[in-house]
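Just so you know, the protein sequences line up as chains F and D, in that order.
For the first sequence, position 56 (counting from the first letter as 1) is numbered 56 according to this note's numbering, and the numbering increases by one without interruption.
For the second sequence, position 124 (counting from the first letter as 1) is numbered 124 according to this note's numbering, and the numbering increases by one without interruption.
Simulated from the structure, these hints should not be mistaken for laboratory data.
Errors might be hidden in some of the hints.
As the list claims (entries may be wrong) - Here are the in silico distance ranges between beta carbons for each label pair:
#: 1; chain 1: F; residue 1: R376; chain 2: D; residue 2: Q285; range: 54 to 62 Å
#: 2; chain 1: F; residue 1: A926; chain 2: D; residue 2: M281; range: 24 to 32 Å
#: 3; chain 1: F; residue 1: Q883; chain 2: D; residue 2: A240; range: 45 to 53 Å
#: 4; chain 1: D; residue 1: D248; chain 2: F; residue 2: A926; range: 23 to 31 Å
#: 5; chain 1: F; residue 1: S286; chain 2: D; residue 2: Q285; range: 48 to 56 Å
#: 6; chain 1: D; residue 1: G92; chain 2: F; residue 2: A612; range: 31 to 39 Å
#: 7; chain 1: F; residue 1: P296; chain 2: D; residue 2: G92; range: 34 to 42 Å
#: 8; chain 1: F; residue 1: V378; chain 2: D; residue 2: G92; range: 47 to 55 Å
#: 9; chain 1: F; residue 1: A926; chain 2: D; residue 2: P50; range: 16 to 24 Å
#: 10; chain 1: F; residue 1: P144; chain 2: D; residue 2: M281; range: 23 to 31 Å
#: 11; chain 1: F; residue 1: K472; chain 2: D; residue 2: N79; range: 52 to 60 Å
This structure is a prediction, so every number in the text was calculated from the model and none was measured.
For glycine and all other residues, C-beta sits at the position ideal for the given N, C-alpha and C.
Below, each chain spelled out in residue letters.
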Amino acid sequence: MTGHLTNNRWSSRRAGVRWLLVCAALALGVVGLEGRGRRPGGARSPATEHASARHWAFVPPQMPRLPSVQQADWPRNPIDYFILQRLEAAGLRPSPEADRTTLIRRVTLDLTGLPPTPEEVDAFLADTRPRAYERLVVRLLQSPRFGEHMARYWLDAARYADTHGLHSDDYSAVWPYREWVITAFNRNLPFDQFLIEQLAGDLLPHATPEQQIATGFLRCHLSSTDAALAEEEVRVGNMVDITETTAAVTLGLTFSCARCHDHKYDPLSMRDYYSFYAFFNSFDGSPYNFHLPAPPPAVAVPSPRQQQREQELYQRGEALRREIAAACARCRDDVGPDRGEVAPLADQPRDYVWFDDELPRSARILQDGVAEDECRVVRRPEGPVFSGESALRIKSRETGRHYVIQIDPPLVIGPGDRLFCYVYLDPDDPPAQVMLQWRTRDFDHRASWGEDLIPHTDAGRPTIRHFGALPKSGEWVRLEVAAEEVGLAPGAVVDGIGFAQYDGTVYWDATGSRTRLPVHQQTFDTLAEWLAVQRRLNGARLPPAIRELALKPDNQRTPEQRRQLRDFFLQRAYRGNREVLEPLLARLAEHEDAVSRFYAELPQAPVYRDAAMPRPTFILRGGQFDRRGSRVEPAVPACLPPLPADAPRNRLGLARWLVSPQQPLTARVIVNRFWQQFFGTGLVRTVDDFGLRGEPPSHPELLDWLACRFQRDGWNVKHLVYWLVTSATYRQTSRASPEARARDPENRLLSRGSRLRLDAEVLRDQALFCGGLLVEEIGGPSVKPPQPPGLWEAVVTANSNTGRFVADVGPQKVYRRSLYTFWKRTAPPPQMTILDAPSRETCVFRRERMNTPLQALVMLNDPQWVEAARGMAERAWAKAESQRERLVWLFRLAVVRRPDAAELAELEAALGDLRRAFERRPPAAAQLVGVGERPVRVAVEPTELAAWTMLAHLILNLDEVVTRE
Amino acid sequence: MHPISAYIQAMTRRHFFRRAGLGLGAAALAVLGPPRAKANGRQPPSPHHPPRAQRAIFLFMNGGPSQLDLWDYKPQMANWFGKDLPDSVRDGQRLTLMTANQQRLLIAPSIYRFARHGRSGTWVSELLPWTARVVDELCVIKSLQTDEINHDPAVTFLCTGHAIPGRASLGAWVSYGLGSENANLPTFVVMTPVGAEKLGNGLTARLWGAGFLPGRHQGVLLRAQGEPLLFLSNPAGVDASTRRRMLDSLAHLNEKHFAEVGDPETLTRIAQYELAFRMQMSVPQLVDLSREPAHVRALYGPDVDRPGTFAASCLLARRLVEQGVRFVQIFHRGWDNHLNLPRRLPIQCQESDQPCYGLITDLKQRGLLEETLVIWAGEFGRTIFCQGTLTPRQYGREHHPRCAAAWLAGGGIRPGITHGETDDFSFNVVRDPVHVHDLHATILHCLGIDHERLTYRYQGLDVRLTGVEPRQPVWPILL
């Protein structure tokens, strides 16, 4: 094999060569002559203001007149006039229409991503009325599969994935956005609105949850947890990703050069870049993802069932509260005035056990570097227990951390408090270091024993203290430190604790504080006494609204507030009615437990939101986050029409400007991408570059006509698609004589139909569909069908929460469309990437269609393909009686057309040989039909089924099946 | 002539080679006609200049090995134990957040002994006794510099020439530029051995990705467990003859379809299935290290018999380049010694030292070293000052982008020399800085490629591996 040293190397020095090629192309009629006047410099010209001002793509499209053609009976819609005129000018004729089986397969795959069933084919062939094809297209456009298929292309551009992509590459729960995209295509949301909601759905008046979820587009960027990165650096990285993706998706311009210097070729300056960036820069959230699936801001995404459950919970809670209030009203209420001091500290400190066996309600657990099976609760006599019934055992190689967060009630720090925890180090497997971490806003309060091996980001800061050697192993030891030694001052509120160790096996038990605070008393005789204690505890155990009232100076409460405070006290803490209320309060506690569990489990979708105070944006010299230049305000690139004077200077203003009629790029860029989707190559081949270095369109008038028509139609996607796939151009056969191929080698003139290898997802979905395995269910979280072992493990960091791949089981997970396959960015599913799916790290509009032996290996050996082939064989067996009928049915299932005599003969010969091969080795047959999850469903000899499975597998691998003809 | 071959000749060449890819087009012909037929009627593209190396092996020390404890001997530092790094040395250079808040930057001299080795007298740490034995074959660079201070961007930078994901990797560029020497094997192979310790910093497929280059240039991960190549094995119950029978009918039906439709892509597809079949035959033998004689395995040390170790990967790398794989990259993980260097670094060295020696020795014995470029490097170096607690036996080192050590050997490299020099603290380069892009230019140069002329049009720009600044090969280290 040879390489590319002499290919595709048109560096700027060689522009002359390229120009010659363009001239040659013009002479050959490959590139049109009629558009020349509007494309100064065509291939390349200096990026002077003058030239760029007239660059074809920067001039708003005008609706062109339909050209006149000679073969007037060929065009079916306006698109065809433009195509035919070019063909005629080049002395070519269009190809005949493809036969009807080819057409139904082509258009069904193109609109739904799945092939037609034999029944659908029969119905179409039987429909001899006029406009049968158009009716077919309308039916397909109404299929919910349409939205799934269209969404997949968009998700490449949106760099959708299920992990954050950098550093530990943790789980990212942005799937509700994927569902939104599918739904948007299915309900035919106008494309301008589609863009507006993704860029600024949250800023729309009365934004619905769905419109907010749409902004997930802006949250699909790569993000980091790497604490070694400066916050500003991470923020700049995120903004750069958002800026460049948005510009590429909507304007078809490559902004990235202008990040560090003014663009060499396009009229884009650094000021343009950072002014565009400024629209996004006020994001109201941390740039780190903190290992969270939906780093805030996020909105809850309850399913319909969950919405119902939420209602039920709410009503049950209200009923309970009413019951308590009613019971309260029947009780004593001589609680005294709502005046209190600050309760004194006890004379002697006492142990307050924060938690022991039972985790407090609402608590959540996070782990880092600890495998699930290496961390568990043990009871006597399985392991040592200090107090209560159980202890927590953690086994770790190197650093392992177990965090408990959101602990309610939190631990309040008092003057002179000491913090404790009991540990037991396994004498047979001691750790090298143990560490406790307490969380206030972060986990930066650390106490360490033993060596200094556990990574921490703040060495030398007062928040980590080393307390000498490890405690003695083989016995329970109380680790105890003064709160102030780990940076916790009196009044601090601790709501989380971390148990960390380096190597070894450690048992952890009861933890709490030794304190003089009045933390033990739960019930009180008077309001004043209660208030005094709450004040001493800084209100840390109260709901926020009540806390505010309790801490307020006594004489500043309104009568309504006094009533609220008193009611709360009566219901929750008054000893006088405790006996009556106790059972009710227990029920309430149980209820609140259920509520917090409900909300903890509710899926969250990350959304975009701006901070109340806009964040100033600066030009960053050399693109470096810490080299600020002059300040810029949100603005659109100077080479394009300005924002209207009355438009808001925010994302909404930007989004509306992008889809406004005077803005020349977006409509062209979008229709060009749809063109590429259905014809294989864009009218502008460089779908991602409409700048001066991009290729000029092959049919400039057609591009403008489509762009104008699309806008005039209200950005109606289904309408546009209908135009495209019902054109005579689209319906041409893809077969071509050598002569036709020689004259239009790349089919830029559209003298024939396009032949395209199916995309990775379509190939897999088609196999599952033909095998009768596909489970069609729209939306939901991603699923993990089986993949070869060790792929995640090969790349993962120790602390990633997507470190180990565990395949899902069950048809609901394993046989879903590939669009729903879990996408880990650092190790994407190989069945997809080997077949040219992008990594989903950056925005991609155009997939390669390579043809490699590794692809053949996937299609031959991936167990899911084998299982699908077996499913096909079983279906054929059940469907028909004779061998011949079964073969024909099987062939039609995947190839759609009927086999001819030669093909049947080849298949029958193969079947005979394969059957004999398996009859010689029956165990091999049993192995083959045992591949996959679903059991065999037809009563047939394994040797026979194995032979048919091989045959079905052969058919699935036919060039005609992996290609959309 | 075979009628299909005749037909191909009638195809428009530009189309054929663009759609099928030049290399694959040639491969298709190799299957259907005589091997390496010049049926395409043109000379195979030649490199930009006569190459010294035909192929390369990149030993990637992921995490950033400490140059101070391995290669860059700083005896003066013994007197500086526990003292502050002088501000004049640091000169305001950026730290990561891990030490940005550290109040003092205390100097931690290496606790390891260095000695001169070989005729060249190159200083080598006691942690690398085996590599020291072949030091006369190496060119040690002490002045490698990068632009990035954190792992993810720095690793991406060294592997793809750019810190932001999305570019083509070094191996992909080489594959794109030179193509393959063996149609039965991938052009660019990657291995990710797992060491005795936990995994260390993460890797990502982008490090061997094709970026904007056609997908077939991406590195192919050769796996230590399970099948060496993904989906290489036939499904359970299918043996080679059954597969062959199926493929025969598949080829017949596809040929018939080609005759009707006339798309050369169909021919390429036929060829790919044949190649896949041949890879199923050849790859298992290739990765079967038991076929190596004991004395050769012994060169790489005892780990060589455990699949998935760095040692086994090195021996496999030699077998691969011997068979004409252009570029092999081995990622050895666990070099990020922030806090526990004296505990971790010796383990890293123990895993990698003898295999490096074995690889160089083995290549040399076979006469392959002359035409094989071997590169040993990590994404950055480490600081002289300590991160975490400093005691005479315990210290850690922070990332340091300004100085790192690397070595090159073999095809086109001047052996037995040291290039570049750092200050007494190994904090700043004082002589002959080598930027990562210079290293890239050097690697490409050895392979016969002018880094300025190997470009690819992407998003309107002619992108090259070595970025936009002027760069050049490190001439003094080249033969």
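Hints and how they fare:
Under the hint 54 to 62 Å, the C-beta atoms of R376(F) and Q285(D), about 45 Å apart, miss the expected range. Under the hint 24 to 32 Å, the C-beta atoms of A926(F) and M281(D), about 25 Å apart, fit the expected range. In this structure the hint that Q883(F) and A240(D) lie 45 to 53 Å apart at CB is violated, the actual value being about 26 Å. Against the hinted window of 23 to 31 Å, the Cβ-Cβ separation of D248(D) and A926(F) comes to about 24 Å, which satisfies the hint.
Here the CB-CB span from S286(F) to Q285(D) is close to 53 Å, well matched to the stated 48 to 56 Å. Checking the proposed 31 to 39 Å range against G92(D) and A612(F) shows it holds: the Cβ atoms sit about 35 Å from each other. Separated by about 35 Å at the C-beta atoms, P296(F) and G92(D) satisfy the suggested range of 34 to 42 Å. Checked against the given bound of 47 to 55 Å, the beta carbons of V378(F) and G92(D), roughly 53 Å apart, stay inside it.
Against the hinted window of 16 to 24 Å, the Cβ-Cβ separation of A926(F) and P50(D) comes to about 58 Å, which falls outside the hint. At about 45 Å, the CB distance of P144(F) to M281(D) disagrees with the hint of 23 to 31 Å. For the hinted restraint 52 to 60 Å between K472(F) and N79(D), the CB-CB distance of approximately 39 Å leaves it violated.
Against the hints set out earlier in the document, violations occur for numbers 1, 3, 9, 10, 11.
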